[in-house]
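Undergrad: Since the structure of chain E is already known, use the hints to place chain S on it.
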Amino acid sequence: MKAHWTLKSGAALVLATLLAGSAVAQQTSYKFGMAMPLTGGQATYGNDQVKAAQWAVEEINKKGGINGKPLEMIVMDTQADPQVGIQAVNRMISVDKVAVFVTAWSGVVKAVAPIANDNKVVELSVGANSPDISQLGDYVYTTFPLADVDIRAVAGYSAKEMGKKKAAVLFINNETGLGSATVYRDTFKKAGGEVVAYEAYDQKATDFTGPLLKIRAANPDIIHLQGLVAESPQVIAQARQLGITVPITSYSGIYNQKLIEQLGAAAENVIATSLAPGVEDSPLVKDYVDRWVKEVGRAPNGLPYTQYLYDTPALVAAVFTALDKKGIAPTGENFRKEMLAIKTFDLPLTGKVTFSEDHTVNKPVYLVEVKNGKWTKKAVVGQ
Amino acid sequence: MFDVAVVSQILWTSFATSSYFVLFAVAFALVLKVNKVFNFAQAGVMTCGFYAAYVAVRLLEWSGFAGLLAGIAGALLMSFILEHFGFAVLRQRKASPMFVFIFTLIVSQFISYAIMLVFGTWPTTIFASMFWPVTLVGGIAVSAWDVPAVAATLAVLIALWVFLRFTRYGQFMLAVADNADLAELYGIQKNKVLMISMLMAGVIVAIGMFLYGSRAQVQAAAATELMLFAVASTILGGIGNIWGAAVAAIILGIVQNSSILFIPSAWQGFLLYAFLFFAIVLFPRGFRLPERANKLKRTIRAPDALVTKQEG
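So the protein sequences, as listed, match chains E and S. Quick note: the first sequence uses our numbering, first residue 1268, plus one each step. Quick note: the second sequence uses our numbering, first residue 398, plus one each step.
The shape of chain E in the complex, shown without the other chains:
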């Protein structure tokens, strides 16, 4: 009886292996999803990020793809809206049968996480930085450092290296603003500083005099601004108009040339973060930016984010290549296992990324400051 059972289970195992093998053999291409805002208020970033990923896919396929099979990217629009994001991801999973998809914007990343977990499909968050992303379930991973990485770096640097004792925090009253402001406040206090003002402003505000006057009255040594690209320049302009001359720190959202054009001398002593090496740090990044200027006529919007998006297909391709070599079917479950088994990926534009067990990644933070009308490198934290 026992021999009979062993024979049966052995045969089943052989059959399963053959089926899996034939599934891989029949695999004509490897698909992954890309759910980003292509329309709506965030499309400026979304379209450039998708373009970066498309370039990467083209290059991977030029070099032979996944062991000779092409890598296919299925692009869907989320409008950075959770409801639209849910529709896009449902379609990619049920119609296009992707094993892994890429998305961004904290609200969308969180809204689609249950779908990824229920269907055992890997969700790669690339660009969203809400600290909660690390706790969204077994199938949700980020390749982008979460808010606590760059905000902690800038808060710690302000207190320890710049010697600032009193900080004011000014933030937009939404999930991202509140989360990052809390991280800044706690880190600055832990580093021995005092937070003398902690002010939010409404998402629809068009004037910031009130909170800025409260901050001026508290007399801080440094101000941390956690806003959006749309209103941050105006906040800085008004701060300078009200006679607030202390350094203003922020995050990667304000790291663009346009801020300097719009503010002129008022942009001096503004410090931003970048989570990817810049043109000065890597020849590959320089080539990448040159390509943008040559083909599109400008630098990409939100350069560091596009660097991460450019690198993501390389990561996906590495996992698919490993699965293909082993003859394992490219399901979401297998993709996740293989990705965690490889664990560290060396990527062209953002360097090494290692998946931690707590679903976070750690990267060095580049601090840049406006000096004499130019963004200049100030420091690298956590190298």
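It is worth saying that the hints were derived from the structure and are not from the lab. Keep in mind that the hints are not guaranteed to be accurate.
DEER-style ranges, computed between Cβ atoms [claimed, not checked]:
(1) S:Gly-535 / E:Gly-1618: 49 to 57 Å
(2) E:Glu-1428 / S:Leu-625: 56 to 64 Å
(3) S:Val-544 / E:Gln-1470: 51 to 59 Å
(4) S:Arg-455 / E:Ser-1296: 39 to 47 Å
(5) S:Pro-494 / E:Val-1546: 52 to 60 Å
(6) E:Val-1563 / S:Phe-498: 54 to 62 Å
Even glycine gets a Cβ: it sits at the ideal position worked out from N, Cα and C.
TA: Just chain S, lined up with the frame of chain E:
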């Protein structure tokens, strides 16, 4: 925080920044009074005005004044299209007010998306620099934008008042606003008057967007959010009362900004809507000034005089 300098600064900045809101509210109230339309498509006219000025100043490198004229031209063109091909057709087909209202919402979104396709979604300003130098006046920071903005708004309001009060078409507009059918019986060309009202609103919002876009960044969808303030002011000012809407816009701006003296800044948006909620519940016809009530009483006495004359 209750420092005289701080309070004065908040009051001044609130007053100066309410300038464009006053213009948006007045334009919305004018169309509501004369054309009897809750014109949410005004957001589309505002967007066209802004981007016409943007193209002139930033892309064609024209002067600021030429940019303002281009903005007015853009808004006028959009207002004309809206009235001629939209509202006039709907009036002819006797569309219900609700249908017209929905039409304005659709137009507003349509223009927003069309502009997004042409200009993208990156926020921008009319001038390359959005930093205006400041002068300290008695400890209050007055920016180089503040005084011209207040002066321009005041000039527009005076011009509108003079037009409505002393010109023939101004009187026609008030007549159409009171009773369009009766006005037509007296030989007033209703459609022409409604077109003039739309065009005037277009000029007003173009100036408002020029002021706004030279101080803050604008993207295709921004005008829709700015409209909420105009609608709130019109309701508070009393529907049909153009000057009430202007005063309400100033009061709302000051209440919202000065509330920071009493509550956390995160509550400012909430306060605006709480204020609106109670204002609408307690004053469903908006705030009315006592003088206006007296004037109304005097007007009501007219039939008595007529009766006495007839008896005599």
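Undergrad: Each hint: holds or not?
TA: We went through each hint and held it up to the structure:
Look at Gly-535 (chain S) against Gly-1618 (chain E): about 55 Å separates their beta carbons, and that is inside 49 to 57 Å. The given range of 56 to 64 Å is broken by Glu-1428 (chain E) and Leu-625 (chain S), whose C-beta atoms sit roughly 44 Å from each other. Range check, Val-544 (chain S) to Gln-1470 (chain E): about 29 Å between beta-carbon atoms, so the 51 to 59 Å window is missed. Checking the proposed 39 to 47 Å range against Arg-455 (chain S) and Ser-1296 (chain E) shows it holds: the Cβ atoms sit about 44 Å from each other.
At roughly 58 Å, the beta carbons of Pro-494 (chain S) and Val-1546 (chain E) sit within the given window of 52 to 60 Å. At roughly 41 Å, the beta-carbon separation of Val-1563 (chain E) and Phe-498 (chain S) lies outside the given 54 to 62 Å, and the hint is violated.
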